[in-house]
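Asks: Spelled out from the first residue to the last, the chains are:
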Amino acid sequence: MKIFLTIDLHKCTGCRNCELACSAERTKSFNPKRSRIQILKDEPRNLVVPMVCLQCEVPLCEQACPNGAISYNEKGTLVVHSKVCIGCMNCVTACLYGGIEIDPKTLKAKKCDICWGDPACIKACEYKAISLVEAKKEGLKARRKNIDIAYQTAGMKTGEVQE
Amino acid sequence: MTFPYKGYAGYYLDVDLTKGKVHKKELEKEWARLYLGGSGVAAKILWDRTGPDTDPLGPDNVLVLGTGPLTGAMFSPSGRMMFAAKGPLTGVWAESHVGGFLGPEVKYAGFDFVIFNGRSKKQVYLSLRDGEAELLDASHLWGRETDVTTQMMREDHKDPTLETGVIGPAGENMVLYGSIIVDFYRAAGRTGLGSVLGSKNVKGIAASGSLGIEAHDMDKYLEANEQEMEKLRAPIWNESLSSLRKYGTTDLIAIINEIGRLPTKNHWTGFYEDSDDIGPETIAEKYRIGQEACHGCAIGCKYIIRVNEGKYSTGPIGGPEYETLMAFGSNCLNNDIESIFHLGKRCDLLGMDTISCGKSIGFAMDLYEQGIISANDADGLDLSWGNAETQVELVEKIARREGFGDTLANGVRKAAEMIGGEAWRYAVHVKGLEASGQDPRAHQSIGLTYATNVRGADHLRSLSSLEELGYSEIVIERFGKEKADAILDIMSPVHKGEVVWDMEDLYAIVDSAVICKYGTMWPPVFYYDTFVNVIPHLTGMAEWGDPKFVRKAGERISHLRRAYNHRLGVTRKEETLPPRLLEDPMPTGPSKGGLPDLDYMLDDYYKFRGCDRETGYPKEAKLKELDLDFVIEDLKPRGMTR
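These protein sequence lines map, in sequence, to chains A and B.
Here the numbering used here is used: the first residue of the first sequence is 850, the next is one more, and so on.
Here the numbering used here is used: the first residue of the second sequence is 135, the next is one more, and so on.
FYI, nobody ran anything at the bench for these hints, they're computed from the structure.
Note that beta-carbon positions come from the ideal geometry of N, C-alpha and C, so glycine has one too.
Among the hints, a few may not be true.
Listed next, the in silico DSS-like pairs over lysine-lysine satisfying Cα-Cα at most 27 Å (straight line) [to be verified]:
hint, chain 1, residue 1, chain 2, residue 2
1, A, LYS977, B, LYS651
2, A, LYS877, B, LYS163
3, B, LYS158, A, LYS954
4, B, LYS159, A, LYS954
5, B, LYS615, A, LYS877
6, A, LYS972, B, LYS354
To be clear about the criterion: a stretch of chain A counts as covered by chain B if any three or more of its residues have a C-beta under 8 Å from a C-beta of chain B, and this derived list gives those stretches [what the hints assert, rightly or not]:
hint, region
7, 855-868
8, 871-882
9, 893-907
The task is simple: from the sequences and hints, build the whole structure.
Replies: This is how it looks when you write it as C-alpha cells:
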C-alpha cells in the first residue's frame, strides 16, 4: 500500500523544526533550505503553508523530467535519482504543490522520499502535526484537506479543492 | 588559521556605515571559547569599542547583532538572537533579545555577528545572503511601518523566505525606546536599540541563506539534544507547558495578580480588581485564533488574535504578551482589552517598546492625578486613569515626537527631569529603564534583580521563578536542603543574594547560547548541565564539557557587563530601586504591607559576586580568576577595582 505524509494545519505552529530534522537526517547539517519539507509563511494573512511531496497518483514532476530521474522505488515511493538528475528545474515548475525543489548545494532536484518509512520530521514535530498515512479513503481525504490552504494562497476559496 | 569550531557560521561582519563598506572577517576563536556567543561576545566587543565618551545616538556608538551556537541548531527553544549597544534610554549597557526566524537565518546566510559602526549618509538596510553582505538603498522604506517594510523587502528580493529585523517611524525619530521588530510581531523591544539603528540611518537587516550549520559530532549532539528534550517532556512540567501553549504569557496576568505582584496604577499597587477583563480566559475565548512558535521551538508560546468588529477591529496579528497587557492595562487602569490589542499592535507597527511606552503613559496619568501636570501641559488630552482614547493618541504622538509625545518619548527618567518638581517621585525606573511587570514588594528577590540588572529595571537578567511558584525539588537540588525553606519563602530576603547571583550567571550563558527564557526561567528545566551536555558535541569545544568551566564563563560574562557599567559611573548607589518600590509599603491586595529588604540582599549578592560591599566594584582577584586581566588594566587606574 502506498504511503505519504499529511500535515494537520490546525496543529502546525510553523516552527519549522521538521525542516531542521530533515536537513540533519539527510545532509548532516542544519539547513532548512536543503530540507525536503518546507514551511512557507505569510504572516499578515496568518497562513502557514507546509509543502512536501504528496506522492501524487499522476505525478507531474515525473512526466516533466526529460531524463527519467524521477521514478518509483520498490516501496512505491516516488524518488529522485540524483545521479540521473541534470538540475534542469522542469519538475520544480511542473509541481503545483511546491513538493520538489533544487538543492542549493548539489544543484539537483530534491524531494521527500519518506525516509524509507521512518520520517525524521514526524519524530521532530512536538505538535504532532505530521503523520504518515496509507492511500486509503481516510488518508486521501486528509491529504486533500491539508493542501486546501495552498489553494487559498492561490486565491481559491476553502473547499474548492478537486478530488 | 580558519575558525576551528562547529555550530557557528564562522564569520562576522564589520559594517562601516560612514564609508558604506562591509568587511567580512573570520570569527575570533577566543570569543567563542571564553564568551560563547550572543551577550557574552557582544560584551567583549562593546567593552573594546565603546566607553564613557560614546554618544549612544552618535556615529561613535556600536550596535551588535548577535547569535549563539545554539541559534538555529535545533535545540528547543533556540530561534533566538540579540542586539546590544550603549543604550540611548539609559546611557549604560543595553541589550535586547528576540525570537522568530531572523537569528537562524543570519547564521544560514553565513554570519554569527554583525557590528554596525559609524553613520550612513544615505538611508540603507543590510542584506545578508549566502556569505555575501551589502548595504542597499532604503529610501523607499523610510517612514514606513514595520509590516509594510518587511513585505516590501520580501518583494524587492523576490524571496518569501526572507527574514527581517526592521525599525519603524519611532526608531527613525529616535524615540528613546524605539524597538527592532523581527518577522512582523516579535520585538527586540527594550532599551531603545531600534533608535540606535535609526540614528545610523539603518532601516534594518534582511537575511536569507542556504549555507547551513554543521555539528562537531551530529549523532552525539542529536542524542544529547534528545536527552534535554526528555527533561522538558517530564510530567512535572506538563502543566506549565500546556498553559504556555494554550494561553501564551497571558496566563501570567492571573497568576501574578493572585500573589499581588501585578503593577497597577503606575506601580502604586500590585493588585488589579479588573484583571479578569484583560486576562487569559477572556483572550483565549473571544479573540485567539491560532498558535505560533519561533524557529524550532517545542513550547510555542506565541498566539494569533483577531478582532472582528468595533473601532479596534483588526485582521490577524500576534497577540500581546503579558508585559503589554500589564503596561497598557492594569498599569493604566484600562480594562478595555480590545484597546490594549490595538495599542500593542500600533507599538509593533511603529517600532516602539510596549513596556516603556505604557509605563511612560501611566507615569503621565499619575502626574495628572497628582496635579503636577494639567491637560494644558498635555496638548489638551484628558489623562484620567483608564482613558484608552488618550493612550491611543499618545502612542501616535510619541512615535512622531509631537507635542507632549516628544516629552514622553524620552522615557520616565528624562521626562521627569523636563517636567521638574516632584515628578521624579512617580518615575518608576532603575538606571533609566522603566520597570517591567513585577513588583519587589510582593517578591523580595525581584528587588535585587531590578537593582543589579545591568540594563535597568527588568526581570530578564536574573529573575527567579523558583520561590514564586514553589519548585522545592529544584531549590533543594540547586541550593541544598538547609537553605530551601528560606529561599522558598517569597518574602524572605535570606539567601536571595545567592539565588540572584546564580540565576544571573545562568542567564548569562542562556543569553550567549542564545536560547529562550522559556525552558530556563520558567519552567526552570535547563540548567548549567544542559550546556555541559550539548555545547561540546555541537561545537567541539571540549572545555565546555567541564561544569566548572561553564559556570566560570557565566561569571566572566556577568562581570564584564558589570565592568562596562562601572566604567560609565555605575556603583552601589545606582544599584537601587525607585522610591515607590523601596519606601512605600504595598497599599492593597494579597501582598499588602510588603517592602523589599534591598540592602540585606545587596550585601549578600556582592559577597557571592566577588564585589566590594561599599561600592559594588569588582575585586581584583575575582577578575584575575576569570581571565579578565584587560578589565583590571582599565578599571584599576580609575580606582574601580578593590
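Asks: Does each hint fit the structure? Answer for all of them.
Replies: Structure-based check of all given hints:
no.	hint	result
1	A:LYS977 to B:LYS651	holds, 24 Å
2	A:LYS877 to B:LYS163	holds, 23 Å
3	B:LYS158 to A:LYS954	holds, 22 Å
4	B:LYS159 to A:LYS954	holds, 23 Å
5	B:LYS615 to A:LYS877	violated, 44 Å
6	A:LYS972 to B:LYS354	holds, 17 Å
7	855-868	holds (count 5)
8	871-882	holds (count 9)
9	893-907	holds (count 3)
The structure fails to meet hint 5 from the earlier list, while all remaining hints are met.
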